[in-house]
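Peer 1: Residues per chain, in single letters:
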Amino acid sequence: MSNARSARMSLKQGEVYVWISGAAVTLTLLIAATLIVVVLVNGLGFYWPKDLVTVTLADGTRLLGEVLEHEPIPERGATRSLYKVGNRDLYGADFRWVDDADVRARERAPEAVALERAEFGNFYGFLAELRLAGLDAPPAADPWQRLEWARREVARRHEAIAQAQAALSVVNRRMQSLAGRIQTLRYQGAADDDALLAELEAQRASALAEFDRQNRPLLEQVATLRAHAVLLRDVAGTEQAVPLLDIVRAWRPNRMGLWAKAGFYAGKLGELFTGEPRESNTEGGLFPAIFGTVLLVIIMSLFSVPMGVVAAIYLHEYAREGWLVRVVRIAMYNLAGVPSIVFGIFGLGFFVYGVGAGVDALFFAERLPTPTFGTGGILWASLTLALLTVPVVVVATEEGLSSVPRGMREASLALGSTQLQTLLRVVMPMAAPGVVTGFILAMARAAGEVAPLMITGVVKLAPTLPIDGEFPFVHLDRKFMHLGFHIYDVGFQSPNVEAAKPMVYMTTLLLVLIVLILSIVGVYLRNSMRKRFQGAAF
Amino acid sequence: MEETLNSTATLQAGVAPEAGQPGAAPESEAPYLIEVPDPIIAIKDFNLFYGHKQALHNITVSIPRKTVTAFIGPSGCGKSTLLRSLNRMNDLVDSVTAQGSLTLDGMEINSGAVDVIELRRRVGMVFQSYNPFPKSIYENVVYGLRIAGVRERRLLHEAAERSLRGAALWDEVKDRLNDPALGLSGGQMQRLCIARAIAVNPEVILMDEPCSALDPIATARIEDLIFELQNDYTVIIVTHNMQQAARVSKYTAFLYLGELIEFNETDITFTHPERRKTQDYITGRFG
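Chains A and B, in that order, give the protein sequences.
Residue numbering for the first sequence follows our numbering, beginning at 301 and increasing consecutively.
Residue numbering for the second sequence follows our numbering, beginning at 6 and increasing consecutively.
Please note: incorrect hints may appear among the correct ones.
What the hints assert, rightly or not - Reference listing, derived: stretches of chain B covered by chain A, where coverage requires no fewer than 3 residues with Cβ under 8 Å from a Cβ of chain A:
no., region
1, 93-104
2, 128-142
3, 198-204
Bear in mind the hints are in silico, worked out from the structure with no lab data behind them.
Quick reminder that beta carbons are idealized off the backbone N, C-alpha and C, glycines included.
The task is simple: from the sequences and hints, build the whole structure.
Peer 2: Given below as structure tokens:
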């Protein structure tokens with residue numbers, strides 16, 4: 301009885317609702333925190349070098365590898381473990397599930413060596429022999445030190461060759477520009493016996509010969525370098541030679557101390573941020589995807605923020621409130637709710653096939669039927685996202701404009717300023733925090749969108765960045781990589797799912813991190829602006 | 006007192022059915038007007054409507070040059086509306102229409118040929134709530150000059166000092182002209198707004214209840230300042246506070262329900278009002 305009354309009382313006083321809303325907030329925070337922690341643990345933990353263990357099974361087979369996880373087998377009440385055994389070229393698969401009941405012996409293998417290779421994933425085994433064709437004998441006696449020395453030597457020579465090849469790019473560029481001129485001439489209808497055309501063709505042939513002449517010895521040198529190899533023996537005794545040039549990293553996890561492991565970890569993270577992807581994106585770095593994502597968001601903002609701000613100023617400051625303005629506003633709010641894939645399809649139809657094809661016909665006709673702007677690219681993807689985010693900017697800017705007290709506008713107008721002067725000198729500075737809020741929301745939304753990008757220019761692997769050292773330096777027609785698409789591609793389109801898992805987590809982490817950094821910068825900017833205007837509202 | 010006045014006004018508005026009809030006067034008695042020497046502003050048969058609602062009825066009055074004139078009356082009587090008509094601040098409100106004549110030195114204020122920017126430079130305004138811009142003290146004062154295109158630093162400095170001295174604020178802020186204006190006290194901010202208004206050298210300064218947000222000490226300073234200002238400017242002040250009107254103004258106009266009831270020298274208005282309504286209002290009751 302008294303319980304019922306106290307329950308009624310607390311219902312009446314609204315205490316229950318406080319609890320319900322508190323629980324809702326807690327739940328939301330918990331979900332967000334869980335997501336971040338799962339991503340952090342799985343992503344960041346992966347690159348820490350794990351010990352290599354030798355396992356002897358009941359049937360006598362032996363394995364060498366890292367233990368990744370244990371899990372129960374529900375129907376049998378037993379457990380099993382996942383081993384990364386590497387050596388994909390020998391075993392076919394580099395991961396293996398083992399019933400823990402089958403394990404007879406498990407021990408650390410102190411001499412075990414792990415190699416990260418440019419192809420076929422990791423190799424786990426033991427050093428057998430160093431085969432150096434024509435290199436001076438390494439000064440050290442210890443096989444590991446000899447390997448390290450030889451790798452450094454090979455890397456040094458390879459670097460020299462790479463520099464020579466980079467110098468060849470001058471010839472390469474001349475060839476490309478000649479090819480472009482020939483294409484233009486042919487498009488303009490030059491006959492095969494045209495004198496200029498023949499001259500250009502001859503120049504191109506000589507440039508090609510020059511390129512070949514200089515490049516061939518370099519290629520031969522690389523082939524020689526590839527002959528230097530290390531012979532390894534896997535746990536079953538199978539021998540495998542690995543060219544030193546193919547080794548990305550070599551380490552002996554069981555002999556590494558804490559600092560060595562930390563150094564290794566830092567190296568892996570560094571590669572992640574600055575390196576190119578390898579092995580169908582499951583290894584290597586994410587740099588092109590990071591670059592693409594950030595550039596996409598920047599170009600998107602360049603279009604969407606000015607457009608949204610100007611639209612909001614018109615709607616709020618100039619347009620007379622009436623049914624038309626109301627319809628425009630409702631239409632815009634609805635635009636914010638349209639599925640992003642619809643924007644993607646619009647972008648494809650309007651920008652790529654419409655505007656892009658027009659641009660090609662006007663400026664790049666000589667390259668047709670190969671499209672330049674008439675195919676997906678970072679410009680069209682950015683514009684599509686800009687359309688998607690304009691409503692967000694408009695709404696936030698309008699809110700900022702409404703927050704400017706009427707007294708400010710009146711004070712300015714009463715001093716003899718025009719509406720435009722009032723807008724630029726008084727209203728906009730005070731509404732700037734609202735604009736920045738719109739900017740933050742737009743960026744966060746754009747960075748996370750994937751669907752519209754998939755049909756307007758994102759690719760699994762882009763050979764070049766949209767900005768590089770090649771004239772005219774900014775190539776807005778180029779296709780690009782994107783972290784969001786990378787998650788989808790590596791996670792769901794990869795042939796080697798287990799190997800791709802850590803990369804998916806790391807990509808997610810990076811994407812979240814980028815959005816977080818952009819937001820923090822935006823919020824900081826907005827707060828410092830607000831501080832300037834504090835006390836201005838009454 | 007404020008409360009009583011408000012409720013009375015509402016009551017009166019409620020029982021006056023003619024109030025909604027354009028041109029119809031709720032009171033047959035003609036307003037009591039005196040002629041002033043050398044008027045700068047002449048208002049003649051001025052009517053103003055918010056949509057279909059008439060806010061001002063046939064106002065006719067002349068405002069003398071370089072003196073302080075007070076508009077008094079209960080809330081909603083139209084005194085602020087009349088004031089804001091003088092520099093066309095009512096243009097900012099949609100659905101306002103005006104009839105009749107408002108002239109500033111013979112120039113028709115509401116004429117389409119008038120440059121409203123130029124008009125507002127000649128007729129400055131100080132608002133009820135102090136509203137300095139979120140800029141420095143200096144930038145607030147020179148705002149009107151900057152938007153008028155003055156770039157020369159010397160001119161700006163001179164104008165800033167002259168205006169701040171004119172608004173009796175110079176001694177308090179001369180060492181911190183670049184500090185944010187929003188760090189000043191309420192009374193200082195209102196004086197800054199006055200300085201900002203006089204920086205552009207207006208002929209008329211309109212003040213819409215300039216002291217209603219201030220404490221008594223700050224109010225006293227502003228009142229002294231208003232009294233000083235009439236040496237150089239024509240000041241029109243709207244106030245609820247009759248003592249204030251009595252202290253600062255030389256002429257007083259009493260408005261009631263959108264009509265001008267009486268316009269006379271302040272001393273006479275407050276001691277020997279000609280109209281019954283005026284007397285009722287200044288003695289705090291309505292008949």
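Peer 1: Would you list, in rising numerical order, the hints stated earlier that this structure does not obey?
Peer 2: Hints that this structure does not satisfy do not exist here, as all of them hold.
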